[in-house]
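Top line first, the protein sequences correspond to chains A and B.
Under full-length UniProt numbering, think of the first position of the first sequence as 1, with each following residue one higher.
Under full-length UniProt numbering, think of the first position of the second sequence as 1, with each following residue one higher.
No wet-lab data here; the hints were simulated from the structure.
Hints are supplied without guarantee of correctness; some may be wrong.
Below, computed lysine-lysine pairings styled on DSBU-like, alpha-carbon distance capped at 35 Å [said to hold, decoys possible]:
1. A:461 <-> A:515
2. A:605 <-> A:86
3. A:734 <-> A:613
4. B:220 <-> A:756
5. A:59 <-> A:528
6. A:832 <-> A:595
7. A:832 <-> B:207
8. A:528 <-> A:613
9. A:605 <-> B:207
10. B:207 <-> A:645
11. A:344 <-> A:147
12. A:645 <-> A:613
Since we're looking at a predicted model, the values are computed, not measured.
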Amino acid sequence: MKPPAKMSKPTSLFVIFFSLFVMSEAVFEDQVGKFDWRQQYVGKTLFAHFDSHSQSSKKLFLATDKNIFASFNSRTGELFWRHVDKAGPEGTIDILLLHGQDALMVVGGGRLLRSWDTNMGGLNWEAVLDTGSFQAACFVAMQDTVKHVAVLKKAAISLHYLTNGHQKWVENLPDSDTVQYQAVYSGGEEEVYVLGVVPNSHLTIIAYSLEDGEIIKQRSVEAPWLSSVESSCVVVGHGVLMCVDTATLALYALPIQAEEAPQFNQILLQVTPVQPRLEVSPGFQPVLVSSQPHPARSPISEFFLQLGPDHHVLLQLNADGYTIAPLRDFQPAFLVSFSTTGEKTVAAVMTPKNETSDVFPPQLYVHAFLKKDDSVGYRVLVQTQDHALTFIQQPGRVVWTREEALADVVTMEMVDLPLTGTQAELEGEFGKKADGLFPMVLKRLSSQVILLQAWLAHLWKLFYEARKPHGQVKNEVTIETLSRDEFNLQKMMVMVTASGKLFGIDSKSGSILWKHYLENVQPNAVFKLIVQRTTAHFPHPPQCTLLIKDKDTGLASLHVFNPIFGRKSHIAPPALPRPILQSLLLPVIDQDYAKVLLLVDDQYKVTAFPSTKNVLQQLQEMASSIFFYLIRSDQGNLSGFRLRKDLSTERIWEVVLPTEVQKIVAVNGKRPNEHVHSQGRVMGDRSVLYKYLNPNLLAVVTESTDAHPERAFVGVFLVDGVTGRIIHEAVQRKARGPVHFVHSENWVVYEYWNTKSRRNEFSVLELFEGTELYNSTVFSSLDRPHLPQVLQQTYIFPSPITTMEATLTEKGITSRHLLVGLPSGAILSLPKMFLDPRRPEVVTEHSREENLIPYAPEMPIRTEWFINYNQTVARVKGIYTAPSGLESTCLVVAYGLDIYQTRVYPSKQFDVLKDDYDYVLISSVLFALFFATMISKRLAQVKLLNRAWR
Amino acid sequence: MASVSRSFLLLSIIPTILILCADFACCNTGRKTGDGLDTDFSGFSVPLEHSFEVDDVSRFRMRGALQLRGGRETSVSLSQSQLSEEDRNNLKEVAAVDGLYKIRVPRVSLTDRQTERQMDGYLTAFVRACSLVESHLSDVITLHTDVSGYLIGVSIVTIPGACRGTEVEDEVDLEAFNTTLTIIPPTNAPQPETALFIERMDIEHEKRGKPQEQKSFFAKYWMYIVPLVLFLMMSGAQDQSGVGAANGGGR
C-alpha cells in the first residue's frame with residue numbers, strides 16, 4: 001500500500017499537501033480474493049461447437065447473444081478465454097463455424113469475417129466484407145480438404161481463403177431485387193450452390209464455379225407453395241433439397257445438381273406408408289432437421305421431421321432420391337440433434353421425464369466420440385429457457401451447470417442473513433406474548449439449556465477440527481448453515497435477471513444458494529425489487545416483493561418470496577387489473593412488521609399490499625400526510641398527489657417541462673436507508689454550515705431536444721417531492737448525455753459530456769441551509785420557506801463512465817466515496833472530498849483548517865483507487881452498495897456481464913484491528929508491566945516495612 | 001377548450017380588477033415596472049387563480065392577475081383584490097380542517113409571440129391553509145422559467161411557514177394578501193475553471209522559479225565555497241611542502 005504517487009514537479013507541492021489526508025486505498029497482494037470474488041458470464045448461447053480436433057480435447061466453443069465468443073472447459077464448466085465484442089448490433093455474431101483449429105465468425109450483420117485460433121483463442125485474421133446484409137455462410141471443400149469459406153449476402157456471394165481471409169472472388173447475384181437468396185450449399189464438388197426463392201412463385205438455384213466464380217448453371221423451379229428456403233428446406237443425402245410445405249402437409253424432394261430441368265417430387269405425408277400415420281399438430285409449422293458432418297462430403301440421408309412441439313419422426317431418404325422411409329417415431333420428444341464421429345452418427349432425442357417440466361430447453365448440442373473400444377460415446381450441452389447451460393455426460397449425469405442468466409442482472413438487493421438457531425431462540429423468547437410467570441421461567445431455562453448445548457457443540461467442533469490438518473477443514477455454505485456473522489458482513493444477494501430468473505447468492509463465497517425461475521415474464525418487462533420485511537423481526541420470515549411490469553401495457557404482477565430461501569410466500573398478492581404507474585414503500589408497518597407497499601394505477605387509485613384491516617386503518621389516519629409524485633417523461637409532466645381517506649388521490653401540484661425544449665431522462669430520490677451522521681460542516685472559523693437535508697428531494701435530470709453542440713444543454717432540477725417546489729434549477733450549457741448521477745445527503749453529483757471541449761465532466765451541487773437551522777428538530781417540506789444556498793463546482797474527468805453509486809455505511813459517520821464504473825471494467829473509488837464545491841481557488845487559513853483540497857480543474861484517477869485491481873467487470877451496468885455491521889465497511893457489488901463483490905473502507909478500517917496486529921507483543925508487554933507493578937509493589941512494601949522497623 | 005373560454009372571461013375581468021386593486025406586489029429583475037420602453041415590448045397578463053375548499057375538491061377562482069414582461073429582462077408583477085367576507089370565512093374553515101390552499105397559473109411562454117404564448121394546462125402549487133391564515137396572508141410566490149422562457153413551475157410558501165394553531169382574531173389581517181413575487185430563471189452551472197487555475201499555477205511558478213533562475217549555484221553558495229577553497233588552498237600549500245619532502249626522501 002503506497003502513498004499516492006508523486007507527480008511531476010509543478011504540482012508536487014499540492015500533491016504533498018493533500019496526500020496527508022487523502023486515504024490511499026488498495027489491496028495487499030495476500031489480500032487478493034480474500035474479501036472479494038468475481039464471476040464471469042457469457043450470456044445466452046446462440047451457437048455452440050465441441051472441439052472435435054483431438055480426442056482428449058475438453059474445449060467447448062460458444063457464441064452468445066451478448067456478442068461474446070468464449071471457450072469453456074467441458075469437464076468443469078470454467079472459462080478458458082472469452083472475447084467480448086462491442087455491445088449492440090455492431091458486434092452481433094451472425095454465425096459461428098468450426099473446422100479443425102479454426103473458428104470462423106461473421107460479425108455485425110455481415111460486416112466482418114473473423115478467424116480465431118481455437119487453441120489459444122487468438123485472432124488469426126479479420127477481413128472486412130462488402131456491405132450487404134448477411135444471409136448464410138458455409139465451408140467449401142475441394143478434393144476433400146476445406147480451403148474456403150463462402151459468405152452469402154443479400155446481393156452477392158464471396159469466397160475467402162481459410163488461411164488468410166483473402167477474398168478469392170466475389171460475384172453479384174442475378175436478380176437480387178426480386179429473388180431472396182437464403183442458403184448456400186457445397187457438397188465437396190467443384191461447385192457452390194446458392195438457393196434463392198421468389199416467395200410463392202419459384203426457386204432459383206445457381207451453381208458457381210469454385211475456381212473463378214463463374215456461373216455454371218442457373219435453374220428456376222416452379223414452387224408456388226414455397227415462401228422461405230431458410231425455414232422450410234434442408235439438404236439431405238447426395239444433394240437433395242428436402243422442403244416441407246405447411247399447407248398441403250407434403251414433403252418435396254429436388255436434386256440440386258440435376259442436369260436436366262429439375263422438378264420437385266411431392267411426397268404426401270398422409271399417404272406415406274408410415275405407421276402410425278404422420279399428422280401435423282394443429283397450428284404448427286413442420287420443421288426439418290438434417291446434418292452435414294463434414295463440408296467435403298454430402299449430408300447424411302437421415303433427417304428429422306418435427307410435426308408438433310413434442311413430436312419428431314426420423315426419416316431416411318432412399319437411394320433413388322425421391323422416396324422416403326420412416327425409421328422411428330419419437331413422441332414425446334422436444335429436441336433432436338445429430339452428431340457424427342468417424343463413420344458413426346448419433347441422433348439425440350430429448351424426452352421430457354414429466355409433463356410439468358417448467359424450463360423448456362430451446363437448444364441442444366450433442367457431441368459424439370469414439371471410445372477406445374470403438375463404441376460411441378456422447379456428451380450433450382443443453383441450453384434451457386432460463387438461460388442455464390447444462391453439460392451432460394453419457395449415463396445422463398449432469399457434469400456442470402452454468403447460470404448464464406446472471407449475465408444480465410437487472411436489479412438486486414442485499415438482505416441480512418437470519419440469526420442462528422440459538423440466537424433466534426433467545427429472540428423468540430422476547431417476541432412471544434407473555435403467558436404467566438411459570439411458563440416464562442421454563443422457557444428461559446429451556447433456551448439457556450439450548451444455548452449451553454450449542455456452545456458445547458461448538459467447542460467440540462473446534463476441538464475436533466483442530467486435530468485435522470488445516471487444508472481439510474471445509475466451510476461449505478449451504479442454505480441450512482446460513483447465519484449472520486458477528487459484523488453482518490455476509491449477506492444474501494437477491495438478484496433479478498432479465499430472463500425472469502431470481503437468484504439468491506451468498507455474498508461471501510458467491511455460491512448460488514437458491515434460484516427461482518418465473519415463467520411468463522415478458523422480454524420487455526421491468527422489475528422493481530422491494531424488501532418489505534427484513535430479517536430483524538424474528539418469528540416472521542423476511543419478505544421481498546418483486547414488481548414485474550410489462551413495459552408496453554403497464555400491467556403488473558407481484559411475486560412475493562422469502563429472500564433467504566427463495567420460496568414463494570403463501571401470502572396472496574393483490575390482483576392488479578389496471579396498469580401501474582408508481583409504487584412506493586411506506587414506513588408504515590402492519591401488525592406482522594411488513595412495510596406497506598402502495599401501488600398507484602392509471603386512474604390514480606391506490607392499492608395497498610398487505611391490505612389488512614390494520615393497514616387500512618393506519619392509512620386512513622395518515623392519509624393526509626402521505627404524498628407521492630408521478631412523472632410522465634413523454635409529456636414532461638411532474639405532478640404530486642395526496643392520499644385521501646378512501647384511498648383515492650388528489651392532484652396537488654404540477655410542474656411541466658415543455659418537451660419541445662427538454663426531455664426528462666432520469667429522476668432520482670435519496671435512498672431511504674441512508675443515514676447522515678453530521679447535520680452540518682464545521683468551517684474554518686468554527687461556525688457551522690448546516691446541510692439542507694430534505695428527505696423528499698428529487699433530482700430531475702433533463703437533456704435538451706436540440707442536439708446541436710452549441711445549443712445542447714443538460715438541466716438539473718431539484719424538486720421537492722411533497723410540495724413540488726423547484727428548489728434549484730441549473731443548466732449546464734454545451735453539454736450532452738448520457739448523464740450519470742448520484743443523489744445523496746445534501747449533494748448531487750452528475751457527469752456529462754461537454755460538447756464544446758469534447759470531454760467528460762463531473763459537477764457537484766451541494767445544498768446548505770446556512771449558518772442557522774430553520775427548524776432543527778424535524779424536517780417538514782411544508783414548513784421550510786427559505787430556499788437553501790446552492791454551491792456548485794465542475795471538474796474535468798479524464799475518462800468516460802458507465803455507472804456511478806455512492807458508498808453507504810451503517811451510521812453515515814465514515815466519509816463517502818463515489819464508486820465509478822469505467823468502460824474498461826475498472827471500478828474507481830473516488831473520494832467525495834474531491835467533489836466538494838467548497839474547494840477554494842486560493843488556499844487560506846480557514847480552508848486549510850477545514851481540510852479542503854485546493855481547487856484543481858482536473859479530477860485525478862489514481863490506479864490505487866481501483867477497488868477491483870485486475871478483476872475487471874466487463875460491461876458494468878450497475879453498482880449496488882449496502883452497509884455492513886461495521887461502520888467502516890461498505891459492501892459493494894458491481895454487476896454487468898460479470899459479477900464482482902468486494903468490501904470498501906472509505907475511511908480505512910478505523911474500527912478493525914489489522915490482520916498483522918501483533919497480539920503477542922501487546923499482551924506480553926501488558927503482562928510484563930502487570931508483573932513489574934506487582935513485583936515493584938511488593939518490593940516497595942518490603943522497603944517501607946524495613947524503614948518502619950528502623 | 002376550457003382554458004380558451006377562461007381567457008376570454010379573463011379579458012373582461014382584468015379592467016375591473018385593476019380598479020379594485022388594493023394590493024400591488026411587484027418584482028422585476030432590473031428595470032422598474034412602469035418603464036415606458038418595456039410596456040410596448042410584450043407585456044401581458046395571465047390570471048392567478050386559487051382554490052380552497054373544505055372537501056378538498058379544487059374549484060379555482062380568480063385571485064389576481066400576473067403582469068408578465070418577457071424579453072431580455074423578465075419581470076413580473078401581481079395585482080390582486082382583497083378577500084371577500086365569504087372567502088375569509090371559507091379560508092378559516094379550510095384551515096381548521098387542515099385543508100390545502102392551492103394556486104395555479106396557466107402555462108405560458110415569456111418569449112414567444114402572442115399567438116403561441118399560451119399552452120394548455122396549468123402549473124399548480126399548494127400551501128397548507130392554516131399556515132396562510134397564521135401568517136396573515138403573507139405569502140411568497142415564485143415562478144420558475146426554463147432556458148427558453150417557458151413557465152415550468154410555480155411555488156408558494158408562507159412566512160412563517162408553520163401551523164401552530166394560533167387563532168387569528170383580527171378580520172383585517174385576512175383581508176389583503178401581502179405577496180412577495182419573484183421570477184427565477186435557471187442558473188448557469190459553472191464550467192471547469194481551467195483558465196484561473198493555469199493563471200494561478202503560473203504565478204506560483206514565477207514565485208518559486210524566479211530566485212532559482214537568477215542566482216547561479218556559485219552566487220548562492222559562495223559563502224560556503226570561498227572559505228572551503230581558501231581552506232583547501234591553505235592546507236594544500238602546507239601539504240605540498242610535506243609531500244615534496246616525503247618525495248624527496250623517497251628518492
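Results for each hint:
As the CA atoms of residue 461 of chain A and residue 515 of chain A are separated by approximately 31 Å, the hinted pair is consistent with the 35 Å bound. Under the criterion of a C-alpha separation no larger than 35 Å, the hint pairing residue 605 of chain A with residue 86 of chain A is inconsistent with the structure, at around 44 Å. For the given pair, residue 734 of chain A sits about 55 Å from residue 613 of chain A by alpha-carbon distance, which is inconsistent with the 35 Å threshold. For the proposed pair residue 220 of chain B and residue 756 of chain A, the alpha carbon gap of about 48 Å is over 35 Å, so the pair is violated.
For a cut-off of 35 Å, the pair hint linking residue 59 of chain A to residue 528 of chain A is broken: about 39 Å separates their Cα positions. A hinted pair counts as satisfied when its Cα atoms are at most 35 Å apart, and residue 832 of chain A with residue 595 of chain A qualifies at roughly 32 Å. Straight-line distance between C-alpha atoms of residue 832 of chain A and residue 207 of chain B comes to about 31 Å, which keeps the hinted pair within the 35 Å bound. For the proposed pair residue 528 of chain A and residue 613 of chain A, the alpha carbon gap of about 26 Å is at most 35 Å, so the pair holds.
Note on residue 605 of chain A and residue 207 of chain B: the hinted pairing is violated, with a Cα-Cα distance of about 70 Å set against a maximum of 35 Å. This hinted pair does not check out: residue 207 of chain B and residue 645 of chain A have alpha carbons roughly 71 Å apart, beyond 35 Å. This hinted pair checks out: residue 344 of chain A and residue 147 of chain A have alpha carbons roughly 25 Å apart, not beyond 35 Å. A hinted pair counts as satisfied when its Cα atoms are at most 35 Å apart, and residue 645 of chain A with residue 613 of chain A qualifies at roughly 14 Å.
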